[in-house]
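Protein chains: 2
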Amino acid sequence: MYLSSLAELALGSRLKSLSDQFYAAADEVYRQCGAGIESRWFPVLRYLREHRAATVSEVAAAIEQTHSAVSQLADKLVRAGMLRRQGDPADGRRSLLVLTDKARRALSALGPVWCSIRRGVGVSLGADATRLLEAVEACERALRERPIVPAILDEHAALARAELEIVPFEPALRGEFLRLNAQWLERHFRLEEIDRAVLGNPEKYVLEPGGAIFFARLGREVVGTCALLCESPGVYELSKMSVDESFRGLGAGRRLLEAAIAEFRRRGGTELFLESNSALKPALQLYEQLGFVMQPGVRAGSHYQRADVYMVYRPDAAPGRRGKGPRKPR
Amino acid sequence: MYLSSLAELALGSRLKSLSDQFYAAADEVYRQCGAGIESRWFPVLRYLREHRAATVSEVAAAIEQTHSAVSQLADKLVRAGMLRRQGDPADGRRSLLVLTDKARRALSALGPVWCSIRRGVGVSLGADATRLLEAVEACERALRERPIVPAILDEHAALARAELEIVPFEPALRGEFLRLNAQWLERHFRLEEIDRAVLGNPEKYVLEPGGAIFFARLGREVVGTCALLCESPGVYELSKMSVDESFRGLGAGRRLLEAAIAEFRRRGGTELFLESNSALKPALQLYEQLGFVMQPGVRAGSHYQRADVYMVYRPDAAPGRRGKGPRKPR
DNA sequence: CCAAATTACGTAAGCACTAACGTAATTCCC
DNA sequence: GGGAATTACGTTAGTGCTTACGTAATTTGG
Chain C
0 MYLSSLAELA LGSRLKSLSD QFYAAADEVY RQCGAGIESR WFPVLRYLRE
50 HRAATVSEVA AAIEQTHSAV SQLADKLVRA GMLRRQGDPA DGRRSLLVLT
100 DKARRALSAL GPVWCSIRRG VGVSLGADAT RLLEAVEACE RALRERPIVP
150 AILDEHAALA RAELEIVPFE PALRGEFLRL NAQWLERHFR LEEIDRAVLG
200 NPEKYVLEPG GAIFFARLGR EVVGTCALLC ESPGVYELSK MSVDESFRGL
250 GAGRRLLEAA IAEFRRRGGT ELFLESNSAL KPALQLYEQL GFVMQPGVRA
300 GSHYQRADVY MVYRPDAAPG RRGKGPRKPR
Chain S
0 MYLSSLAELA LGSRLKSLSD QFYAAADEVY RQCGAGIESR WFPVLRYLRE
50 HRAATVSEVA AAIEQTHSAV SQLADKLVRA GMLRRQGDPA DGRRSLLVLT
100 DKARRALSAL GPVWCSIRRG VGVSLGADAT RLLEAVEACE RALRERPIVP
150 AILDEHAALA RAELEIVPFE PALRGEFLRL NAQWLERHFR LEEIDRAVLG
200 NPEKYVLEPG GAIFFARLGR EVVGTCALLC ESPGVYELSK MSVDESFRGL
250 GAGRRLLEAA IAEFRRRGGT ELFLESNSAL KPALQLYEQL GFVMQPGVRA
300 GSHYQRADVY MVYRPDAAPG RRGKGPRKPR
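Quick note, the sequences are listed as chains C and S, same order.
In this text, residue positions in the first sequence follow numbering that gives the first Met the number 0: the first is 0, and each later residue adds one.
In this text, residue positions in the second sequence follow numbering that gives the first Met the number 0: the first is 0, and each later residue adds one.
Hints may contain errors.
A pair counts as met if it fits within one copy or between any two copies, since identical chains are not told apart.
As the list claims (entries may be wrong) - With a Cα cut of at most 30 angstroms, we get these calculated DSS-like pairs of lysine-lysine:
#1 75 to 101
#2 75 to 15
#3 75 to 280
#4 75 to 203
#5 280 to 101
What the hints contain is simulated information worked out from the structure, not anything from laboratory work.
Take the sequences, apply the hints, and build the full model.
Written as structure tokens, this is what we have:
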């Protein structure tokens, strides 16, 4: 699904959706058990049950809401007959919240329901429930200790300072070639035999037959790579294009592709093609923008099982357009 | 903090709070980077950037929102000049959403910002970010495959059928004694030497010196335990009270305590005390309700490091009250 | 001891979303 | 081929929360 492909960028949205599902489930259960309470009331009621009487801000601090939220919720609970507000004789500003007897009775009857919820969550989510709880807990802590906004702004400043440059292969970067490609290959597909061979020994399988490898580096970090394989004299395959997931959007892919194409021209190649997968939308868009044209079917004698897209470089077919409509097979 | 003590019961609330934090962080970053977009717009804009033109419900399905939410958001985006709505000539019911050039320009400029967000999240949350993402993903899947409401209702029905009964020690239950106690001891404190000894060999350390052990069982499951240790002739210690976390709220603790007190009286004991920790609020409340009275300080010669509460059984002091106010030290 | 600062709280307005409804346009199907 | 069902969408009202503000009551500090 789409949201999960956005990873960290859509975390807020997905957490909200999960949260709503849990609230809705709880409400449904309460309704069916005739509990007479709503899921949103739970933290307040539960806290007050353990604390007899508490001020608005005390409750707010405990359940991590604003005082207004608690105040408004309290109004609602008073209307529902679950709560009394009474002034604090010791401090006239405060208003003490106290459960009514009706509420106490309702809450004691709720023991088995809460118990079933905990057990039901366990049954339905299994160990994932614990994992989720632990992850949430850990993130809450981390956010408190290392605020996230400055961390992001630091990264942003660092990115702005660093220059993106494309460099050719050198032995010290051999490991990066494998790392960058394995990263996404393993996520989307699985490593095929041919991948393992090429990635493990790029000198032998790429350079020696007359190909080339480029890396994109950003400051000290290597963030992307791309290979030009020489299939037969004058015929080249663009392959092993890969940009670190967390460095997407900086234009590294485009720069790598441009470098590979330049190299192809420099060598006076006659044909440049690539194979890819139709699921990799953004990559395909890039290929088209830089002059590759979709071919019908797959390439005869393709090495890859995952390849269902075959494109050939035709720089004259659609010169440098930024996308005036979907590709027209002319 | 309070919410985490509620575990599964407050999941919705905590996820919402986390979600809000991420949204707020994203908005702050966009603002400071002068991005000109809001966090809530992101999924729609990003989807449209990859898909040129899409109908309201297509977008809604992709970003997992209702069509109204998307429709309203689209209005807002149109007002902000990021979006055009245009009728679909092929189907008059549909309205196609298309990014304006302004939006496309804004989005391409945003690449480095998104990149920094992903990296900043990594820096701030570390591996917890991945864990959270994976847990969310897993829970989304689990909720789809095994709906949670029926699971909870099943548990509820099962609980209603099963009878809670208190049974004395038998060798087959030795393992349960350790399991139930280790569960919460390890969470809140750490296992002390004396715990390990007593829990590992209850016959030797509890029964042989003249004590007793009770178990609460619910159907096939053993959900709680509690021990009566004989310290010296006529002097008993209530100890090792423990109820499985996911079975709290069924009254097992009360029933176990009553059984232990009954046994103490049956044997004609002269003194019954217990040691506990002030953090265990609900347990202390229960002890008071059943006749234990808080003593100042700790008991002389206490075995436990974690004990900071010392209570003695005085059934006549406050007979059977359901809590008319906080304990009055008489 | 009294003005200034702080606090505790309620209220109003706004935001993001939902549920429910109404209405065209399209598809289904006998 | 024409009525019934479905769909796509916009609108409205409502919910749960937030921010912002106003106002007492209390605490602080010279």
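Structure-based check of each hint:
| no. | hint | result |
| --- | --- | --- |
| 1 | 75 to 101 | within (15 angstroms within a copy, 45 angstroms between copies) |
| 2 | 75 to 15 | both (23 angstroms within a copy, 21 angstroms between copies) |
| 3 | 75 to 280 | between (49 angstroms within a copy, 28 angstroms between copies) |
| 4 | 75 to 203 | neither (73 angstroms within a copy, 56 angstroms between copies) |
| 5 | 280 to 101 | between (59 angstroms within a copy, 22 angstroms between copies) |
Going down the numbered hints, you'll see the structure goes against just number 4.
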